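Trainee: Chain residues, written in single-letter form:
2 protein chains.
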Amino acid sequence: MKDPWANIFASAIPCRNGKANSGGRVHGVDRWLVRKLLDAIGRPPLRVILWDGEEMAPDDAVPAVAMVISDRATLWRLLTNPLLHFGDDYSAGRIKIEGGLVPFMETVYRAMARTSRFRRKSDPAAYRRNQPNLNSPSESRRNIQYHYDIGNAFYQLWLDTEMLYTCAYFPDPAASLEDAQIAKMDLVCRKLRLKAGQTVVEAGCGWGALARHMARRCGVRVRAYNISGEQIAYARQRARAEGLEGRVEYVEDDYRNITGTYDAFVSVGMLEHVGPDHYREFGGVIDRSLSDEGLGLIHAIGQNIAKPMSPWFLQRIFPGSYPPTLREMMALFEPWEFTVLDVENLRLHYARTCEHWLARFEQNRDRVREMFDECFVRAWRLYLSGCIANFNIGSLQLFQVVFSRPGNNLVPWTRSHLTLPTGEP
Amino acid sequence: MKDPWANIFASAIPCRNGKANSGGRVHGVDRWLVRKLLDAIGRPPLRVILWDGEEMAPDDAVPAVAMVISDRATLWRLLTNPLLHFGDDYSAGRIKIEGGLVPFMETVYRAMARTSRFRRKSDPAAYRRNQPNLNSPSESRRNIQYHYDIGNAFYQLWLDTEMLYTCAYFPDPAASLEDAQIAKMDLVCRKLRLKAGQTVVEAGCGWGALARHMARRCGVRVRAYNISGEQIAYARQRARAEGLEGRVEYVEDDYRNITGTYDAFVSVGMLEHVGPDHYREFGGVIDRSLSDEGLGLIHAIGQNIAKPMSPWFLQRIFPGSYPPTLREMMALFEPWEFTVLDVENLRLHYARTCEHWLARFEQNRDRVREMFDECFVRAWRLYLSGCIANFNIGSLQLFQVVFSRPGNNLVPWTRSHLTLPTGEP
Numbered sequence: 001m002k003d004p005w006a007n008i009f010a011s012a013i014p015c016r017n018g019k020a021n022s023g024g025r026v027h028g029v030d031r032w033l034v035r036k037l038l039d040a041i042g043r044p045p046l047r048v049i050l051w052d053g054e055e056m057a058p059d060d061a062v063p064a065v066a067m068v069i070s071d072r073a074t075l076w077r078l079l080t081n082p083l084l085h086f087g088d089d090y091s092a093g094r095i096k097i098e099g100g101l102v103p104f105m106e107t108v109y110r111a112m113a114r115t116s117r118f119r120r121k122s123d124p125a126a127y128r129r130n131q132p133n134l135n136s137p138s139e140s141r142r143n144i145q146y147h148y149d150i151g152n153a154f155y156q157l158w159l160d161t162e163m164l165y166t167c168a169y170f171p172d173p174a175a176s177l178e179d180a181q182i183a184k185m186d187l188v189c190r191k192l193r194l195k196a197g198q199t200v201v202e203a204g205c206g207w208g209a210l211a212r213h214m215a216r217r218c219g220v221r222v223r224a225y226n227i228s229g230e231q232i233a234y235a236r237q238r239a240r241a242e243g244l245e246g247r248v249e250y251v252e253d254d255y256r257n258i259t260g261t262y263d264a265f266v267s268v269g270m271l272e273h274v275g276p277d278h279y280r281e282f283g284g285v286i287d288r289s290l291s292d293e294g295l296g297l298i299h300a301i302g303q304n305i306a307k308p309m310s311p312w313f314l315q316r317i318f319p320g321s322y323p324p325t326l327r328e329m330m331a332l333f334e335p336w337e338f339t340v341l342d343v344e345n346l347r348l349h350y351a352r353t354c355e356h357w358l359a360r361f362e363q364n365r366d367r368v369r370e371m372f373d374e375c376f377v378r379a380w381r382l383y384l385s386g387c388i389a390n391f392n393i394g395s396l397q398l399f400q401v402v403f404s405r406p407g408n409n410l411v412p413w414t415r416s417h418l419t420l421p422t423g424e425p
Numbered sequence: 001m002k003d004p005w006a007n008i009f010a011s012a013i014p015c016r017n018g019k020a021n022s023g024g025r026v027h028g029v030d031r032w033l034v035r036k037l038l039d040a041i042g043r044p045p046l047r048v049i050l051w052d053g054e055e056m057a058p059d060d061a062v063p064a065v066a067m068v069i070s071d072r073a074t075l076w077r078l079l080t081n082p083l084l085h086f087g088d089d090y091s092a093g094r095i096k097i098e099g100g101l102v103p104f105m106e107t108v109y110r111a112m113a114r115t116s117r118f119r120r121k122s123d124p125a126a127y128r129r130n131q132p133n134l135n136s137p138s139e140s141r142r143n144i145q146y147h148y149d150i151g152n153a154f155y156q157l158w159l160d161t162e163m164l165y166t167c168a169y170f171p172d173p174a175a176s177l178e179d180a181q182i183a184k185m186d187l188v189c190r191k192l193r194l195k196a197g198q199t200v201v202e203a204g205c206g207w208g209a210l211a212r213h214m215a216r217r218c219g220v221r222v223r224a225y226n227i228s229g230e231q232i233a234y235a236r237q238r239a240r241a242e243g244l245e246g247r248v249e250y251v252e253d254d255y256r257n258i259t260g261t262y263d264a265f266v267s268v269g270m271l272e273h274v275g276p277d278h279y280r281e282f283g284g285v286i287d288r289s290l291s292d293e294g295l296g297l298i299h300a301i302g303q304n305i306a307k308p309m310s311p312w313f314l315q316r317i318f319p320g321s322y323p324p325t326l327r328e329m330m331a332l333f334e335p336w337e338f339t340v341l342d343v344e345n346l347r348l349h350y351a352r353t354c355e356h357w358l359a360r361f362e363q364n365r366d367r368v369r370e371m372f373d374e375c376f377v378r379a380w381r382l383y384l385s386g387c388i389a390n391f392n393i394g395s396l397q398l399f400q401v402v403f404s405r406p407g408n409n410l411v412p413w414t415r416s417h418l419t420l421p422t423g424e425p
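Going line by line, the protein sequences match chains A and B.
Residues in the first sequence are numbered consecutively from 1, following the numbering used here.
Residues in the second sequence are numbered consecutively from 1, following the numbering used here.
Don't take every hint at face value.
For identical chains, the list gives no copy identity; a pair is met inside one copy or between any two copies.
Below, in silico cross-link-like pairs of lysine to any residue (SDA-like), each with a Cα-Cα straight-line distance of 20 Å or less [claimed, not checked]:
1) K96 to E230
2) K195 to N130
3) K195 to S136
4) K36 to K195
5) K307 to R405
6) K121 to E370
7) K121 to S310
Hints in this document: simulated from the structure, not taken from any laboratory.
Everything numeric in this text was worked out from a predicted model, so none of it was measured.
Work out the full structure: start from the sequences and follow the hints.
Mentor: And the structure:
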C-alpha cells in the first residue's frame, strides 16, 4: 500500500510529529487567543475545551458542539493558518470534536459565511489559490494517482458494490446507496437518450461502472478514458468478468488524448480535476469527439461563486481539484458554440451520498487503520464530513449539464424522456 | 394609433422615401457587386434576381429561394450595411423574397455562421453594439413604449386569447397556441412549487396573463410590475372582469422599484429588456424581494455566445433589447450567492410559438395594414420570420432558470413535482 502522504509537502506531514506536548496550565493569553480565533471565524455557537478542561463559548447559550484542543502549540498553530492546521491537528488527534463532526463543521462554516457576507464575491483566481499542483498532463497524473491509486481494496470498504465515487441520485431520500447509484447511471443514460448501437466516449471513468452500465443497459459501445492505473486495471477486470469485452474499452490515457467521433460524450466527476485553465482545451476535445447530432453530459461538483478550496483539502486530499461555478463551466461550451439544454442541481443528493460513504467508512475504520494508520482514518473522516457539511449548507453544488451543437433540432422536445425507462427504443 | 417609427432614427425611416427608382439596365459592375455581396455572406445557395429579370446564383445548383432586388440603389445600400438595409428595403418593398422568408433567412444565417466560424467567439460588449438606447429607467420606458404601446388591438390580432407574448410550452408539438400558453404558465407554477396563500412578485408582466393564472390556479396573491401603460391598463381591466381584484395587483412601475418580500420571484420575458449592465442591480432587487425559503424563476431569450443583435432589429423592432448568454445571466445570481437549481432550454418551443404568431399575423395582415401601413406589415413579417429562423438554426435560445438561496434545503429533491398537476397541495 502506498503512503498517501508521501508525495506532497512531506515536511508538513501532520501525524509524524509525535505525541502532543502537555499544555500545562491555561493562561490569560490562551483565553485571549481562543477569543481571537472565535472572532475570526464569526463567533460560531460552539464550546472550546482547553487542555486543562477549561471551557469557553462565544455566547451565553450552551452550544451542542465542542472543539477540544489538547495543547498550547495546537491552539497557536490554529491561529496562524486555521484552514490548514485544523485539518492536520484533527488528523493527528490533537484536536477532538464533541457533538458530531458534521454539525461542528456546519456550525463553523455558517458562522464564517455570515462573517464574510459583506465581501461575498467571486474570486477569478480562486482555482489557483492554495494549489500544490495545477493540471498539466503530468501534474494531472500526479494529482489523480495521489488520491485514486491508494488501493482499490480501501475504496471497496465504503463505496457501493459497483464502485461509483460520484454523486448518486436518490429518487427517494431513503433509497439505498446501491439503488441510488444505479438510478444515477440510468438518469445519465436517459439524459443522453442512448440507443442500441450508438457509440459513447467517457472522460474520467473511475472504476468503470458507468461505461459497463451503459453498454449492458442501453446496448451502446463505450470507450472510457482514465489516468488512474489502479482504476483502469480494476475496470478491465470487471468488464472481462461481466462478459463486456468488445463493448467497453478502457484506455489508460489523459482526456486530452481522446480520439474518434461518438454519438455521446459523457464525463461524470472529472471536471473537478481539469482546472479552469484547461476548460477551453477540454471543450475542444468534446468538439472534435461529438457527432453533429450527438448529446453531451458533464456532471461535476460546482459552486455558486468562485471561492478557493481550503489548503488542507488541496494538500492532503485532492490536489489540483476545483469545483467551478456555472459561469466558469461556460468556458467549456462557449468557444465551440455548444447549446446548454438542461442543468440539474443535485446538491442534496451529494450530501446524502457522502452520508452513506461516511457511515460505511466508519463501519470499516478498523480495517482502514490496519491499511494506513489512525491519522489517515481521521483525515478521511474529516474530508467526508466536510463534504456533507458543504453540500448541506450550500457551499458546494452538483451540476449535471446536458448540451448539444447549436443547430441540432433532434434534441428532446420536452423532458418526458427523463421519466421513461432506459434501454432500446 | 401611435406611429411606431416615429421616435427613433426618424431620418432613416425606410418607407417614406417614395417609390423605388427604376434600376435601368444591369451592368457588369452590378453583377460584380452581387458577387461581392454573396461572398460577404458566405455564398448561401440562393438566387439573386435583378431589376431587369437577370438571375445570379453562387453555385451550379438551382436554389429554392431567391432575393429580388428592385433597383441599383437598393443593391448598393445592401453592400454598405446589409444588416440594416436588408430590413429597411424589405419593409419598403424594394426587396422581395421568393420561396419563403423563413427558409431564405435560415439559408442566409447558416451561410453567415459558416463564414465566421473561424472567428466564433463571444464579444463582451455585444449588448452595447448597434443600440439606439440602453436601459436606464427613462431609456427603458422609451424602449418598452416603442414596442409594446402601439395598440393592444394590434397584438390581439395575432397573440393567443390570454395575450402572452413569450415562449409557449408545447407538451406536444401539435398542441394549439392557446393550450401551449396555458401549459407554459402551469410549468412555471410547478417549477415555483406555488401553494395556496403564498405571495408572488412578477417583474415585467406583459398583459398580465401569468399573474392572473397563478392567482386563479394556485391560490397565490401576486403583485406584478410593468412600465408599459397600455399593457397595465389591459391587465387591470381583465383582472376586474375575471373577479381577481384583491388577488392580483398590477403596478405601473420599473422593476427597480419593487418593494416587499415574497415567497416567489418570477420574470418571464423581461430580462431581454434589462441589459447586462443592470443584471447585478436586478439581482439585488431579487435578493431583497425573495424570502429565505423562496424560489425564483427567470425565463428569457438567450444565446450560446455573446453576439450583437442586428441594427435593424434594434432600431425598428426592439430598441434596448439583448438576449444574454448563460454566462452573462450569472451576473444576476453570483453577487447574491443564489443557487441555480434548474435550467431548461425551450428553443424549439419558441420557434413553434413564433410560427403560430406569424400565421395569425398573416391571416390578419389586411387589418394590420389598415392600422399602420404596408411597410409596417412587411417589417413585422420580417421580425417574426427572423425569430423563427434564429430559433430554428440555434442562434437564439430560451432559458428558463430556477434558483434559490444557497442554504435552502427545502428545494425540490427531484423533478417529480414538474409532472404533477399544479394547484393546492
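Trainee: Look at each hint and say if it fits the structure.
Mentor: Against the structure, the hints:
1. Taking the closest pair of Cα atoms, K96 and E230 never come within 20 Å of each other, the shortest separation being 34 Å inside a single copy and 67 Å across copies.
2. Proximity of K195 and N130 under a CA criterion of 20 Å is satisfied in neither setting, with 44 Å inside one chain copy and 45 Å between copies.
3. When the C-alpha separation of K195 and S136 is checked against a cutoff of 20 Å, the pair qualifies neither within a copy, at 35 Å, nor between copies, at 51 Å.
4. When the C-alpha separation of K36 and K195 is checked against a cutoff of 20 Å, the pair qualifies neither within a copy, at 60 Å, nor between copies, at 46 Å.
5. Taking the shortest Cα distances, K307 and R405 sit within 20 Å of each other only across copies (17 Å), while inside one copy they are farther apart (31 Å).
6. In this homomeric assembly, K121 and E370 never come within 20 Å of each other (Cα to Cα): the closest approach is 44 Å inside a single copy and 54 Å across copies.
7. Taking the shortest Cα distances, K121 and S310 sit within 20 Å of each other inside one copy (17 Å), while across copies they are farther apart (34 Å).
The structure is inconsistent with the numbered hints 1, 2, 3, 4, 6, although it conforms to all the rest.
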